[in-house]
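Residue numbers (the UniProt record's numbering), protein chains in the order written: chain W, 1 to 1003; chain E, 1 to 1003.
It cannot be assumed that every hint is accurate.
Claimed, not checked - In the DSSO-like style, the derived pairs of lysine-lysine whose C-alpha atoms are separated by at most 27 Å in a straight line are:
no.: 1; chain 1: E; residue 1: 93; chain 2: W; residue 2: 93
no.: 2; chain 1: E; residue 1: 265; chain 2: W; residue 2: 74
no.: 3; chain 1: E; residue 1: 536; chain 2: E; residue 2: 652
To be verified - Over 12 Å on every C-beta distance to chain E, these chain W residues come out as not near it, computed from the model:
no.: 4; residue: 202
no.: 5; residue: 213
no.: 6; residue: 853
no.: 7; residue: 985
It should be emphasised that the hints constitute simulated quantities derived from the structure, not laboratory data. Glycine included, every Cβ here is placed at the ideal spot set by N, Cα and C.
Protein chains: 2
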Amino acid sequence: MQLLLFNLILAASLIGFISTSPTSKPPLPEKNCGYKSCHPIKKGFINVHIVPHTHDDVGWLKTVDQYYYGSNTKYQTAGVQYILDTVVDSLRKDKNRRFIYVETAFFWKWWIKQHDIVKSRVRKLVYNGQLEFISGGWSMNDEAVTHYQSIIDQMTWGLRKLNETFGECGRPKIGWQIDPFGHSREMASIFAQLGFDGVLLGRIDYQEKRFRWQTRTPEMVWRGSDSLGEASDIFTGVMYNTYSPPPGFCFDILCGDEPVIDDKKSFEYNVDRRVAEFVAYLDNVTQVYTTNNVIITMGDDFNYQDAESWFVNLDKLIYYVNQLQLSGSKYNLIYSTPSCYVNAIHDETKNNWIMKQDDFFPYASDPHAFWTGYFTSRPAIKRFERLGNNFLQVCKQLYALADLGPEDMVDLNALREAMGVMQHHDAITGTEKQHVASDYARQLQRGMDECEIITNAAIRKLLEVNIELKTCPLLNVSQCTTTTTNDGFVVTIYNPLSRPVDKVVRLPVKEDSYSVNDLQGTEYKTQIIPIPDFIKNIPGRSSQAKNELIFIARGIPALGWKSYRVMVYRKTNKNIIVSKKGNKHSVKNTAFIIDPNTGLINSLTIKNVSIDLSQNFFYYNGFVGDNSKFENRSSGAYIFRPDGPLQKITNKKVDYKVYEGELVAEIHQTFNEYISQIIRVNAIDDYVEFDWIIGPLPHSDRNGIEVVTKYQSDLKSNSVFYTDSNGKQMLKRVRNFRPSWKVNLSEPVAGNYYPVTTQISIKDTENGLAVLVDRAQGGTSLKDGEIELMLHRNCLHDDSFGVGEALNETAFGRGLVVRGSHYITVGNNGLAALTKDIVQRRLLDTWTFVVPVDEKVKYNMEFAGLKRPLPKSVQILTLEPWTGFDFLLRLEHVFEKSDQSQPVVVALADLFTSFEIISAQETTLGGNQWLKDNHRLHFNTNGTVEDLLYQDYNIVTDYETETHLLRNSIKRHTVINAFDDDSLNVSLSPGQIRTFIIQIKKY
Amino acid sequence: MQLLLFNLILAASLIGFISTSPTSKPPLPEKNCGYKSCHPIKKGFINVHIVPHTHDDVGWLKTVDQYYYGSNTKYQTAGVQYILDTVVDSLRKDKNRRFIYVETAFFWKWWIKQHDIVKSRVRKLVYNGQLEFISGGWSMNDEAVTHYQSIIDQMTWGLRKLNETFGECGRPKIGWQIDPFGHSREMASIFAQLGFDGVLLGRIDYQEKRFRWQTRTPEMVWRGSDSLGEASDIFTGVMYNTYSPPPGFCFDILCGDEPVIDDKKSFEYNVDRRVAEFVAYLDNVTQVYTTNNVIITMGDDFNYQDAESWFVNLDKLIYYVNQLQLSGSKYNLIYSTPSCYVNAIHDETKNNWIMKQDDFFPYASDPHAFWTGYFTSRPAIKRFERLGNNFLQVCKQLYALADLGPEDMVDLNALREAMGVMQHHDAITGTEKQHVASDYARQLQRGMDECEIITNAAIRKLLEVNIELKTCPLLNVSQCTTTTTNDGFVVTIYNPLSRPVDKVVRLPVKEDSYSVNDLQGTEYKTQIIPIPDFIKNIPGRSSQAKNELIFIARGIPALGWKSYRVMVYRKTNKNIIVSKKGNKHSVKNTAFIIDPNTGLINSLTIKNVSIDLSQNFFYYNGFVGDNSKFENRSSGAYIFRPDGPLQKITNKKVDYKVYEGELVAEIHQTFNEYISQIIRVNAIDDYVEFDWIIGPLPHSDRNGIEVVTKYQSDLKSNSVFYTDSNGKQMLKRVRNFRPSWKVNLSEPVAGNYYPVTTQISIKDTENGLAVLVDRAQGGTSLKDGEIELMLHRNCLHDDSFGVGEALNETAFGRGLVVRGSHYITVGNNGLAALTKDIVQRRLLDTWTFVVPVDEKVKYNMEFAGLKRPLPKSVQILTLEPWTGFDFLLRLEHVFEKSDQSQPVVVALADLFTSFEIISAQETTLGGNQWLKDNHRLHFNTNGTVEDLLYQDYNIVTDYETETHLLRNSIKRHTVINAFDDDSLNVSLSPGQIRTFIIQIKKY
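Pulled out of the complex, with its shape left as it was, chain W reads as follows:
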């Protein structure tokens, strides 16, 4: 009894640092952080929040480490170590000074190298509010091509380290998405759920910006989720000059702007002129905003390497501009932070803010610069990142299930951090230089290698045997050494979902016939399909495998595995089944029909629903220009800009071969020398898979080519299509239209492209068609009934947004070959449930481990992490080791309110097989604050204003009057916190994610 009590106290104290409870803490230096550390606002003045900051890309023109150390200056003079070194010195010189730091990936790289004295100085600066962490993710993630699971992970990892090191004062309160190229609605929702008080944005569409400037609505309340409603509301501000300083006021050591020279005896004295220039700028800024608080960002990419050069001049600027108050100036400059700015606005006005419910995609910076190319750029790394997430979740779960203890944490962290880096808005986006992309891949590979140490250790511990399980990372080119070089091997299929799944297992093999048996000795049906030449010939593939062995693993337990023993039959050749006659090829409920004249598909049947559907590949020529003016913009890594209409890949009949058996039926199509495809149906999945292989893309003399696939149906979709927001919620898109402002599209194709993170769909009154992707891609529906997705691009010219390289990926000395899958499904009312199911099974796919058969080793070939599966509507989004003996458990209702879904209750008691949950305390989404302690600032809204915004916004005054009329106060935010500590029953409403720190007792 006493021992248990001791354990409880210990556990409490270990998790104590996310609490603010005074009893559980050692004495710490006085803290004066948060809103109370803000410089006071001067009533009757326009308070100008001067925010010193640096924007440190976690890789872009240089690798992360090159940026950290400052090497490779041929690409950029930037060394983050110097920024942090000198900022600390500069802040220590004057308590009035403020600085924010954002990208924690860099911060920790620096922190671990510092002497204790420096660490103590930094703590002091954090505790007195001089140094404030903003956003606090491992990187400033992209919002278009990232998945919400990885966003949450990377935010959690950054926030956790801040919390562990600085406690409450290190807890960010504001989202700071100042550079990403467009903004997702789901990101707003995530920030709200993280407990943030606001989010500030740098880049929005140039037409929307003009509109918001004219209507004085750059500040608003953004509702992040219809399912979550008010709980997902967040105050959102769009900044005047992205994140840059006013023109002429960049005081960085690498900027050329004039310093403030206040020595009256100097011939260089310029205070009066400089102050006047600054005030003139403020006069413009204050035309656009409506409150007596404005924010002026004072920093830029990798600024503050010599922090003093900034602060020395800002000190003077603030002093001398404020001196003008004596002669009637209305401006009051203060050192500030984004949080002080948002708090000042909150304190100032109880007026209603306009509400936004759509998103900020796509982003255009001028009439011919639609940043929709990067939705697809570098498709291979975009897929690799998804694979990284899949394995990271497997790894975290196994770590927790086996309770590996802190000594293996460093191996887990390698993948956590690599995945955090991948989310960066120049990483997964594909908008980095080639050498940086290679470095990202290298980091991710290292993270996955280290995680394999974890999965091995965990499985060994759970099995109590000493075997070395290998993963097969090159299954995408049908290559795996263990399955190819052994006559017998054991395949272990791990399922990271919270419910059992069936899985069509495909393994590259050398022979034509194999037997597959499970634990009980039951033999499984198999099928052999030859590996087509267009796969075998992919550059870099090195395997003797000529076939794929297929069997169906059924009922793999939730958070568990099953193992199968595979043995070669060398003599027989019973498995290969070449096509039967006829054009319709089906397995169970699912079928496709081929037009033998074209070699193309013309109809699909899924679970009794059939639709006419054709599919083909096309390409755009990328526009080539010298970027000297808007009209001359090239298509590039960021920008998609087609030169002319869509082109046919070929007019010839497509060659094909069909293989059909009991498990799968597939057609191998060869379109031309660089495009092939396998269309596939199987016995268990309610989709048709389109497995495309594209590349090396041909080089023309001039243009790059950008390959798309187009699915054409007869659905009357009426200009409407749907794309997901970071894989979480679906957003309605209307062709040539933006929900909250009037768009004028100079680029009718690129301007209709949206990010597709997991799916894109169309529907009419009878049917729906959804295309699910295995990585982020740009997609659209340019004609009713059509879905178009861009698959691969080579851009032979830079688009002049900084990366300075053409996007022209190569591998093994040739143009890059990319392979990927679309999962097409059709349906009517049940379509949403169907796609959610498929999306989940492909995102958190089973993970395959292999080991050669060793007759001497006996082990448990089946394991279940959960005692009972969770309902289909609930998924354990995260199960990972936390500090001390605790775990973090994150539960998710995977459906949205609009899916007509109902709340569910999950009982945590007696759920896991390896441990019992003895207590669970709910936190904000990031796990860095007890939910009960989170009290977000409330900003009143007037509800949706979409309709209003269709008025002619050139008449600013009219608009303002109407806006004013609409301002009614509404009720306060309610914190959703329905958890009852005693019962361990968790209720989840549609779309809801709930995060708990759980204490466990091992069985």
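Chain W is fixed; fit chain E onto it per the hints.
Okay, now just chain E, sitting in the frame of chain W:
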């Protein structure tokens, strides 16, 4: 009695801060500076002194203030404020770190702006030896075109402020002349007299460098003066890579070199390679030096703006290179300073060092880059600087004589500091950008304007009347408002020399006849000479004066003045005397003869000595190249490189007019449209003046032109000529020859040019001929009997040593017109005495003040500062207000030992008319240390080794053997300190300068 005692104590405590006496000081933080703060040397290793430093030009591509504040980045990204800001921070982080600071002009600009807390931190860093001031002059003065009086002044001013602020720990011990373009012998002497222990040089002739590398003699003892002997010996080191870091090891934020990356997990890890590269460099360096201590400069122009970027990497480099000691490396890296380096060498070896007695002029950096153009570049500013010195001395003297008190010090300091800036090696040298040259002139003008406030205040105080004396700064274009616009005015002539002088006064006037009377009413002879058109037409001249009024002021007292009343006679026209017949024109003992066929002079007579002498102007075409390789070097601001032989200005007869009277005789010659000259003799001076007016220089399509004047005599000078070293001592020059190494001249003209600061002379067994200059110029003797001086240059191309502009001066929209004088004298044995006398009278010329006649004002029209004149061989080099009630008094024996001069004794008692000296304590030359406390490090020498060095130096080993044999120890330095405190009699040996802080009692 008690009051007197109190005064003495007060005075003692006021001067106490140059003392180290513990009784007279307030308690100060613990001091651990000087040699005892050096990191210990590791025996048995080669100790590598890593010296972090920044080289901050006091103006060059940008003005001083632009460099200080960091503005005008289009020319250079350099802001000294940031250097000092960040260096202080970086030093505070680690006690092992060291930094030196050199240019005190910048340091004080920064210091006065700092908060007390920062000042206290800096004091701590100085007291513990982390921050060491090296050299400590107001700027790093040029050594070719500067005058020793101004060098001493600028060193004194810098050292004084350091002493006042930091006491003993702020006292520099090493000269640091790392960028000046050649090195003068007198500078070595000055460093020795300043009490320094060594001097380190960056640039020496490339052939001499090769020679010294091969013979391992980059380190030596330099004897600065034959007159002073051993007392002027100073240890001198030539650094391996000028002042730059090893190639690839510039860790400045603006450098592109690779940082040291020691994170073994990083893909960027490079420690092993970087360390190996550094060690390879050290292997080369140690081939050249002979001791177990080498210096590695770690810094460059305006480096350390972000000090941390340097230190972070140096920390690692030192650590990891020293780690190699574990595996047998012989290198031991330590943070160090030049003084620690010199001290380590001193401690290590008592061997004899080779002795050098010549200088390091001219400097060539490659076969076609002789840095001899800058001896003449920007002749106007070179003259303006001399005028500045003249007025500064007048100003200091009057300040002291009138005892103005501290409230006027700031006005005096303006000129002190402007003159300090002018000495900088890119200021007076003319090697700055045009806008910077303009700024220098502006600074100097402001200094002179402020000094006029002083001279006025002083004279008013001494006269006890309130009149406003004006100076006439534009007498060089015969312009002066007061003398031109008033019918009557009083002229006051102040004499800054320590003996009475006579002076030919020339004043621009409007009328043809004036009367001049002195105090007693005595009327003076006058002469009127019309101002020639070639003067009247100088662009920018704006005066109604058409004549110059001439009279001779006789017996102007030492440190005193006489006034003369000048009144117009409007009716008569008695003064203009046009030439008499004949070709010989003389006044008293001095005459010139004209050849009427050519219009040129052909003979001179001075005091019974006549010689045949012709004079004419010529020009060189400047070489034009693209600077892509040595052979393509252009002639430019630094480099003189003629393209082809000397060209005649004209073949025509020179037009001339002669004016001859009792006071002066002069010929006005017009050579062509851009060259005119007045040759002039007068009744009191033993010289012939050549007053040349040159410009605007014509523009050819391609080449600039570089105008010289050539004096041709029949003296058999046998390849030998003499030029002065900073105006103090004369050095023997031999055509196509260097005294201590074998020269191979690819540029036979430019390579024979030497700096002429005050005079150049030739002689044969019978006669000598000297040309005295009024500003520094390049000069040579390319043929026996000839003296050639370069007067004015326009170089239409940059010479690619950084300035990045063609030297093409303009004024008032046209090419610059320059006017100046040569004073030619001839003689045999007495020539040295004669030239010294003339040089002094022209350098410290009388200063003319004018005021319109006001009959109501009566004032003392004569004043003498000294009760008795000093002997001709002694000059008060400096009399200036010091701290508290004290003055600094510097006495000089103006002759050298080689002039067959004798020691003299000067009695200070009862010397000055305004005050009595009650005590005088001798200091080192800079006034910043009591002489008795100065104990310089002694380095043994083997006497002169000139003969030895003519051996074939390719055989290094042979040379070394011989060098070794020559090493005999000789006696220790003796400090010359013959002053007897009681008597106040000061003995001065030839060439000696002695400095005293004197306490005075006012009469």
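Q.
So, against the hints stated earlier in the document, which numbers end up violated here?
A. Hint check: nothing fails, all pass.
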